[in-house]
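Sequences are here, hints too, so could you generate the full structure?
2 protein chains.
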Amino acid sequence: MREGLEHPGLISLAAGFTDNPTLPVTETRTIIESLLKGKSSSSSLQYGTTYGDDPLRKLTAQRLTQMDKCSKQSKDYHPDRFLITHGSQQLLYILNEVLFDPGDIVLIEDPSYFVYLGIMQSHGVRGKGIQMEPDGLDLLSLETTLNTLKKSGELARLKALYLVSYHSNPTGVTTCAAKKEAALKILKSYEKAAGHPIYLIEDAAYRELSFIGKDTPSALSFNNASDRVIYTSTYSKPFATGIRVGYGLLPEPVLTAATRVKGNHDFGTANFLQQILSKAISGGKYKEHIQKLRKRYASKARAMTRACEKHFPEKVKWENPEGGLYLWVNLPKKIKTGLKSKLFKQALKQQVLYVPGNLCYCDDDTRPKPNHQMRLSFGSASVKDIEEGITRLGRAIKRVM
Amino acid sequence: MREGLEHPGLISLAAGFTDNPTLPVTETRTIIESLLKGKSSSSSLQYGTTYGDDPLRKLTAQRLTQMDKCSKQSKDYHPDRFLITHGSQQLLYILNEVLFDPGDIVLIEDPSYFVYLGIMQSHGVRGKGIQMEPDGLDLLSLETTLNTLKKSGELARLKALYLVSYHSNPTGVTTCAAKKEAALKILKSYEKAAGHPIYLIEDAAYRELSFIGKDTPSALSFNNASDRVIYTSTYSKPFATGIRVGYGLLPEPVLTAATRVKGNHDFGTANFLQQILSKAISGGKYKEHIQKLRKRYASKARAMTRACEKHFPEKVKWENPEGGLYLWVNLPKKIKTGLKSKLFKQALKQQVLYVPGNLCYCDDDTRPKPNHQMRLSFGSASVKDIEEGITRLGRAIKRVM
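Protein sequences, first through last, are from chains S and X. Residues 541 to 941 (my numbering) are what the first sequence spells out, left to right. Residues 541 to 941 (my numbering) are what the second sequence spells out, left to right.
Just so you know, these hints were derived from the structure itself, not from any lab. Just to be clear, a hint being listed does not mean it is correct.
Facing chain S, according to a computed beta carbon distance under 8 Å, are these residues of chain X, among others [claimed, not checked]: (1) F654; (2) L680; (3) A780; (4) G782.
The model shown is predicted, which means the values in this text are computed figures rather than measured ones. In this text, a Cβ means the ideal position worked out from N, Cα and C, and glycines have one as well.
Structural data, given as structure tokens:
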């Protein structure tokens, strides 16, 4: 982020920033005008509660119930089960504090969201990489890993599976519903041996940024799943990243513990931001904005993949994204992409920045860390910059190859 | 907070909420109108950096330099040394993560800010209470405690002194400059024996809420102090609690470590809130607002102490506050004020809520925890409610006495 912000000549395809021109300036202005008018207007500038604004939790519960096509009366989606945070990042951090002790183990996609890896490391939590397939988690890899942990006596340290389930950061992969349901069953079957619950942390940050208009039910929607699924998501990326509001739906006793830690962090999420989101959702502006955003990102993703087709050598491969903000690029295995690689230096020389793929793999000595991939983002760069950035990157790749 | 928000019949003199009618509704509306107008307006809705908005850090550095009457060129107040957080609470939390290991010791006022005690406890950090005098920290008590720690071999676990230095929460006491300077020297003289730096965490949350128009220089202003003073403060209480923006000035290596942890928490404080504060300060609205607020709180504090004079029995004592949000009330020692006391129950029956004084003392088995005091806040209640609340509380006290 810092590199991208501080070097104006550099085209950053690295940061997960969102698209500047589509940020909801007019919408936010209109919302705030109505928010700061009238009798009760001052309450939006006052503290809220630690768990979050009640209307926002209610609206969030309604939306999630609808997206999951569940019964409106389902207790699993009750507003009281929601916690509002400063972005879903803060919730992921708090979950780490609440669920794990140093030395505990988390199963995690190979590759996964690199900031999450940083959180894990900073708390001394170990990761075990689970392989991925085009439709998500590789269940065989999941079973094998669980079995290995059971045999080595380490299952008692396993607390959760962390899954970026929709248009994953960094690969763009969505894990299909059947696999999520199967994964939950597999995890449950190891709980007795583990001696405690094994949670599925479903990070749905990119769920609403789908280009293809197709949604997958969350893991919450399966029978008897709600006591093991921790669902986290955000309004920041779909609405405005400068307005940091995320949320989670948590089972007990995780909810109570997380709410207490949230209280210690900051008493609760900035109330003014929550009020803006509440109004955006209840007044329909959020929905309108999301639709605009999907089209925008779809067209930027296309611009990126078209440029890749044009400027990348044939041996470089990728999947066209169906949502999210990222393109995951595979180079021939002999071409290293890491921070110290020739390619990374050459890319900087050409004034373009990417996220090296190896940063997205947890430390897991049962497999080597792949070092021939890169994460590109079409989020913040303009179409012109995407085209120019990919041209530069293509040039860098060709020089190194 | 929850009690106060959820029982409308109850008058809460407990929560540290701020005054609703003086919240800067019009000011905020005007600021946002100008913020969301024009070409670069979308950037305020985009992510910022982890350490915080550069103009806001610069403005904060300027203000602090002025308040401390220091040279404009002083490196000690350089904007790069500042970190912006979601309220100063978040910074206090992060400092706890960065500075302390479980079992470490923090010196802390007796009594002190109870949420800070909660943060300490949740990280397994132990407190040692330092006695207080009307002009702040009791230096003899500080020396004695340090000596005791040295003798018992525990000095190696001592990492910091936490001091709410201006119009303290909960007592309203301000520690005078001479005492802060002396405390720093005393701490430094024990560093060799401790084997590491001992920091002074100066929590200046209430500095700008002075009624008497007199300021005290911060501990940063003393010679050679800037490598040992961690200064934390906030814009939330002086401006709007719904807009959660706090800040700190940190020496290395604490700054780098804290910024990294902040990145893991949430990447950085909601940029939109920082932009609002930047504009409020640079356009003069913040200063105007503070002046209004000081008058308002001064008059509410007077309303509270006048009501106390009228309705409290003679044996109940307090100091008239010169700033902040709180009145610290001493009852005769035999009258208990804790959550399980007759008085607390009687107060609830009379529909009035206070913070029991014993919650504000750290667990320190070298002294008994006083249990005959209470913290009252004149922050959020209206003058009418303050008068009625004190009437009720007086009735409750009389019944119990």
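Interface hint compliance - X:A780 to chain S, C-beta minimum distance less than 8 Å: Holds, about 4 Å.
Grab the minimum C-beta distance from X:G782 to chain S and call the hint holds if it beats 8 Å, violated otherwise. 4 Å, holds
Is the interface hint satisfied for X:F654? The criterion is a beta-carbon contact with chain S at less than 8 Å. 11 Å, violated
Let me know if the C-beta of X:L680 comes in closer than 8 Å to any C-beta of chain S, holds or violated. 32 Å, violated
In summary, the numbered hints that this structure violates are 1, 2.
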